[in-house]
Amino acid sequence: MSVTKKDIADLLVDRIGVTHNQALSITNDFFDEIKKSLAQGESVKLSSFGNFIVREKSARPGRNPKTGEQVMISARKVVTFKAGPKLKKATQIGV
Amino acid sequence: MKKTDLILNLSDHSRLSKVDAKASVEVILEALTKGIVSGEGVEIRGFGGFYKKYRKARLGINPKTSERTQVKEKFVPFFKPGKSLRKSVNKD
Numbered sequence: 001m002s003v004t005k006k007d008i009a010d011l012l013v014d015r016i017g018v019t020h021n022q023a024l025s026i027t028n029d030f031f032d033e034i035k036k037s038l039a040q041g042e043s044v045k046l047s048s049f050g051n052f053i054v055r056e057k058s059a060r061p062g063r064n065p066k067t068g069e070q071v072m073i074s075a076r077k078v079v080t081f082k083a084g085p086k087l088k089k090a091t092q093i094g095v
Numbered sequence: 001m002k003k004t005d006l007i008l009n010l011s012d013h014s015r016l017s018k019v020d021a022k023a024s025v026e027v028i029l030e031a032l033t034k035g036i037v038s039g040e041g042v043e044i045r046g047f048g049g050f051y052k053k054y055r056k057a058r059l060g061i062n063p064k065t066s067e068r069t070q071v072k073e074k075f076v077p078f079f080k081p082g083k084s085l086r087k088s089v090n091k092d
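Residue numbers (the numbering used here), protein chains in the order written: chain A, 1 to 95; chain B, 1 to 92.
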């Protein structure tokens with residue numbers, strides 16, 4: 001079962017000693033703050049974890065895989081995540 | 001935005017002391033890391049998911065010396081942005 005906001009909130013109750021409602025609001029705020037920054041086009045750098053970067057993609061021709069029809073994919077912004085060295089290393093454990 | 005900015009914003013917003021806001025951010029990052037490392041993955045509605053992806057062993061070339069070396073199989077952390085995050089980045 002994947003980790004969800006509820007799991008994170010439960011952990012905050014345990015470790016920080018906040019109430020359940022506070023823990024939920026902290027968890028929501030955490031992701032909302034990151035989202036807000038990215039929405040303004042500003043990267044978010046979290047040391048010991050990784051960086052969320054907003055990248056500009058230019059328009060390119062694509063194809064509808066179902067119909068084979070050629071369509072133009074419009075220019076857009078995408079969020080990419082670049083894991084930091086600590087997280088990358090931790091992910092190797094158990095290989 | 002850096003981690004310290006995030007901590008200050010959280011402390012303002014949730015009426016939390018700076019010490020508690022900092023501890024909360026560390027606990028959340030630790031929970032995310034654990035979820036990725038264990039292979040369970042993390043799913044945050046409206047934000048996205050964190051997973052790890054398998055990378056096969058391959059022959060790599062050292063770009064400096066153009067020497068061939070074996071690169072071992074490994075897992076890499078991966079983030080997939082959620083619908084709402086993709087939308088909010090593109091709203092203009």
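Be aware that one or more of the hints could be misleading.
To be verified - With a Cα cut of at most 16 Å, we get these calculated EDC-like pairs of lysine to aspartate or glutamate:
id	chain 1	residue 1	chain 2	residue 2
1	B	LYS2	B	GLU40
2	A	LYS88	A	GLU56
3	A	LYS89	B	GLU73
4	A	LYS6	B	GLU30
5	B	LYS2	A	GLU56
6	B	LYS87	A	ASP7
7	B	LYS18	A	GLU42
8	B	LYS53	B	GLU26
9	A	LYS86	B	ASP20
10	A	LYS6	B	GLU73
11	B	LYS22	A	GLU69
Hints were generated in silico from the structure; no laboratory data involved.
Note to self: Let me make sure I understand: some of the numbered hints might not hold for this structure. Which ones are they, in numerical order?
What the structure shows: Violated: hints 1, 2, 5, 6, 7, 8, 9, 10, 11.
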